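Engineer: Spelled out, the chains give:
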Amino acid sequence: MLFTLFWTFFKIGLFTFGGGYAMIPFINNYAVEKHKWITDDEFLDIIAIAESTPGPIAINSATYIGHKVKGILGSFFATLGVALPSLIIIVLIATFFMQVKDNVYVEYAFKGIRVGVGVLVLNAAIRMYKKLDKNWLSYLLILIGFTLVIFEWLSVLYVIAIGGVIGIIAQILKVRGDQL
Amino acid sequence: MTLRLLIELLFTFFKIGLFTFGGGYAMIPLITEEVTNKGWLDYAQIFDFIAISESTPGPFAINIATFVGYTQGTDFWTGLSGAIMATIGVILPSFIIIIIIAKAFHRFADNKYVIGFLKGVKPIIVGVITSVAISFLLKSIFSLEVTDFNNFEFKWETLFIFIVVFSMTKIWKKVHPVFVVLLSGIMGLVIYGLILV
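These protein sequence lines map, in sequence, to chains A and B.
Going by numbering that gives the first Met the number 0, the first residue of the first sequence is number 0, and it counts up by one from there.
Going by numbering that gives the first Met the number 0, the first residue of the second sequence is number 0, and it counts up by one from there.
Hints are computed from structural coordinates only; laboratory data are not their basis.
Watch out, some of these pointers could steer you wrong.
[Claimed, not checked] Heads up, simulated DSSO-like pairs for lysine-lysine below, C-alpha to C-alpha not over 27 Å straight-line: (1) K130/A - K14/B; (2) K173/B - K129/A; (3) K130/A - K111/B; (4) K173/A - K133/A.
[Claimed, not checked] What follows is a list of derived Cβ distance ranges for each label pair: (5) Y42/B - D101/A: 12 to 20 Å; (6) I194/B - K133/A: 37 to 45 Å; (7) L1/A - F141/B: 53 to 61 Å; (8) M97/A - V174/B: 23 to 31 Å; (9) F159/B - I171/A: 45 to 53 Å.
As the structure is a prediction and not an experimental result, all values here were calculated from the model.
Where a beta carbon is used, it is the ideal one built from N, C-alpha and C, also for glycine.
When you get a sec, could you build the whole thing from the sequences and use the hints?
Structural biologist: This is the structure we're talking about:
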């Protein structure tokens, strides 16, 4: 059973390109439909939990499903499985990349690619913006986050923490307001 | 690679893992700040690596932790130790938190403080990521540091690549990131290798 967990998540890690959300259909396919480790409802719970806890969704769901199947050992093997393909592939690529990075053509290509990645990051921001609840507080927080970081006034870590604290205070005030 | 560096990799990536909400790209601002402050990679290397990560399988967080850890080594084995330490670091916060939730706190996502926390964190991260993207694009298009307006130099070719790639992602909405990397790479090759030589 532990090996099945490991192997399943190894495959999930190996075939997911482009990060967390691309992984959701694979996890659903293997963990819900094929192995029946979790139900549909539990799967939705896991996504909600993964979204509300720090860390990559792949690790969060591997840890959770592993725990459901076989406790902490299950978590360990599922997480190991999902992380291992990246570890192996990136170490190989890094070795290769270090050798070719000073090649002049690779440099030309990467000068272009950097701009492309700038676009990808910008699009990620736009995508996340579209998913937000829009109200005056969220607009204000976007502005605060943008200003503090672009002028390098405050470390990103503190900026994120400030967002969390303001969010909790706003939620408490809202609950109080609703009760009045 | 010293033991000190290994512990620093573990600790730094633990911090990065702990403060990342909402998946891969949300991690970029914090990684950029931590990794450049430590002198492990520079801005351009991080963006190069985002391209590599988008074109290889696996979650971005694990990929970048492995890459940063590996590149700090002096040979294969020290690099591998660095990669393993950084990867353990970035995984550990999730692992611990999820096990606690799975054991004792099933309705975690419905908790009012959790909801409030995320309502604050999500918009502020949108602002933070936007600022990272914009300051990087400004740097590459105008050689412009936001905190230093004196060194202004317009680079038309970068602006051209930006406009083409950005329009493509807006017209063809489902375009896979690998195509963005390919297209901008080919444009870089043609522009810098053939036109501007």
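Engineer: Need the list of violated hint numbers for this structure, in ascending order.
Structural biologist: none
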